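Chains B and S supply the protein sequences, listed in that same order.
Numbered by the numbering used here, the letters in the first sequence go through residues 259 to 535 in order.
Numbered by the numbering used here, the letters in the second sequence go through residues 317 to 622 in order.
Please keep in mind that the hints were generated in silico from the structure rather than gathered at the bench.
Since this is a predicted model, take the numbers as computed values, not measurements.
Check each hint, because a few of them may be wrong.
[Stated by the list, open to error] Covered stretches of chain S (chain B as the covering partner; in silico rule of three or more C-beta atoms under 8 Å from a C-beta of chain B):
(1) 348 to 354
(2) 361 to 368
[Said to hold, decoys possible] Below, a list of computed lysine-lysine pairs in the DSSO-like style, where the Cα atoms sit at most 27 Å apart:
(3) Lys532/B / Lys398/S
(4) Lys545/S / Lys559/S
(5) Lys371/S / Lys532/B
(6) Lys398/S / Lys292/B
(7) Lys292/B / Lys405/S
[To be verified] Just a sample of chain S residues kept apart from chain B, beta carbon distances all over 10 Å, derived:
(8) Leu384
(9) Phe444
(10) Pro551
(11) Pro588
Cβ atoms here follow ideal geometry from the backbone N, Cα and C, with glycine treated the same way.
If you want the building blocks of each chain, they are given just below.
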Amino acid sequence: MTQVTTQTVAKSGFPEVGPPGLRDTMRSEWTKLKTLRSTPVTIAIAAVLVIGLSALASFLIAANESSELKHGSLPTPLQTIQGGWSVGLLAFMVLGVLAISNEYSSSLIGVSLLATPRRSRLLLAKVIVFSVSMFVIAEVMSFINFFVGHAIISAYPAYPNVSLTSHLVLRVVIGMGIYVTLVGLLGLGTGALLRNTAGSIVACVAFLFILPGILSALPNSWSNPIGEYWPTEAGRRIITLDHGPNTLSAWWGTADLALFIVVLLLIADYALVKRDA
Amino acid sequence: MIQVRNLTKHFGPNIAVDNLSFEVEPGRVTGFLGPNGAGKTTTLRMILGLVGPEKGTATIDGISYQRLRAPMREVGAVLDAKAYQPGRKARDHLVALAQASRIPLRRVEEVLGFVGLSDVADRRAGNFSLGMAQRLGIAAALLGDPPVLIFDEPVNGLDPEGIVWIRTLMQGLAAQGRTVFVSSHLMSEMALTASHVIVIGRGHMIADSEVEDLIRKSSGIVVRLRTPKAEVVVPRLQAAGGKVETNGDGAIVVTGLEAAAIGDIAFQAGVPVHELSPVEASLEEVFMELTRDDVEFHGGGVGASQ
């Protein structure tokens, strides 16, 4: 039996260090992001596919152009060089979804919320770490992609080429990194709201690829304004050179997409705070 | 100390936790018992701020979990053994948690060693057995060296060696003055581990008591009597107010009479007595008795019901 002694009551752990804040949560989220095997693997596959497909497109189109008849409907050189990015878009969107839905499917979210019960701080840290790291990776990929495509097209003098110093080309190359980062955040916001990987990916694909196509079939009086402001369509203005009618400018289009993502993340944050984990 | 006041939660039309109030004190292991579906996990999740209560409060030393400034250094919890991403190494999982709580990273190596996972710290946690997963969960709970520890069904799926290890661990933590709150549906396990138990059924309080008191109060007086002349003594015992049941092995089980009274009756009847022993109910039997009306799913007969 226990002796009659003064009962020692244990004290809080590590009193010598201060309470954690946003920076600590960000450090933790960075560790989570880089130590998950699927993150570097997905990025590596995406980089190979994007750059590889762009290189293939550059080769096929430039070689074709130089050997056969000139054809009016061929893509512009810049479009050719960016040809692989539609796969990259999908990859960044999936990375965004997984950045949070993965925590739900593995029930890690419960442990994350035990460590950081201030749920808005957890989401904010995730958003900051994800956007900064994905932006850096996307920009590196975009520049490598451009230089590889440019080098291939240079081998075919009959096909017109572009350089970074050409009008607005630098904006398009940098803009690609911005656009895919925003699309990744769209995935993150959707994943936080739906808490389910498959459902979030389907929702994002529908929003990004399917709905704009359906909406464009509407009468012009409907489809023009929708196409102009539909966030992921407006966001594309920064990665396209042609500035047609009924389109926002590059930066207004980016602002439109960014604003939509801010609203989505605020709704996701509200849901995260209010719902039972 | 954990304080729960009038905690209430419904899931749809079903009440999960029904106006529950209790305190969990430091320095001892408190068992949290109830049949499956009694609301134990929901209560623990409300204490930990993962589930919001409809009514009532749950606090740790007077502060709700979500308002704790360094929560993992105040409370360590193991809710779900496999609550990690399978593609991440065990060490990285703990590093991320340590960083989120601003716990020095040397502590990661300490807890890995303490739970015996140092050798597999660089293996992906997805390859872990259930026992290793439980140890990783416990390592995470101990990371912040917290004064309060909460374990939800920690021995599920463990081998006997692991069960003994966890039992010793919990008792050791309590001896250090920590508050240790452990849920289980296994009464026999809690009988060995806990000194105090809180028993709930269908979300409401059934008992909040020392283990010894609970057994003493609930079991009443049960005495086993063995005699070759049962037919003589049984009517006399019944006349004296005892309830008599015959056991399959020839013993008679008497309820409601002290052993001394039974001995006297047998002596007056001139009946030889081969055995006369008071029986103490096990905590398991007490638990079955207490929760009989509160088990969510009863095993039925085999035949079709009308």
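Tested hints:
no. : hint                : verdict
1   : 348 to 354          : violated (count 0)
2   : 361 to 368          : holds (count 6)
3   : Lys532/B / Lys398/S : 25 Å, holds
4   : Lys545/S / Lys559/S : 17 Å, holds
5   : Lys371/S / Lys532/B : 15 Å, holds
6   : Lys398/S / Lys292/B : 20 Å, holds
7   : Lys292/B / Lys405/S : 11 Å, holds
8   : Leu384              : 7 Å, violated
9   : Phe444              : 13 Å, holds
10  : Pro551              : 44 Å, holds
11  : Pro588              : 39 Å, holds
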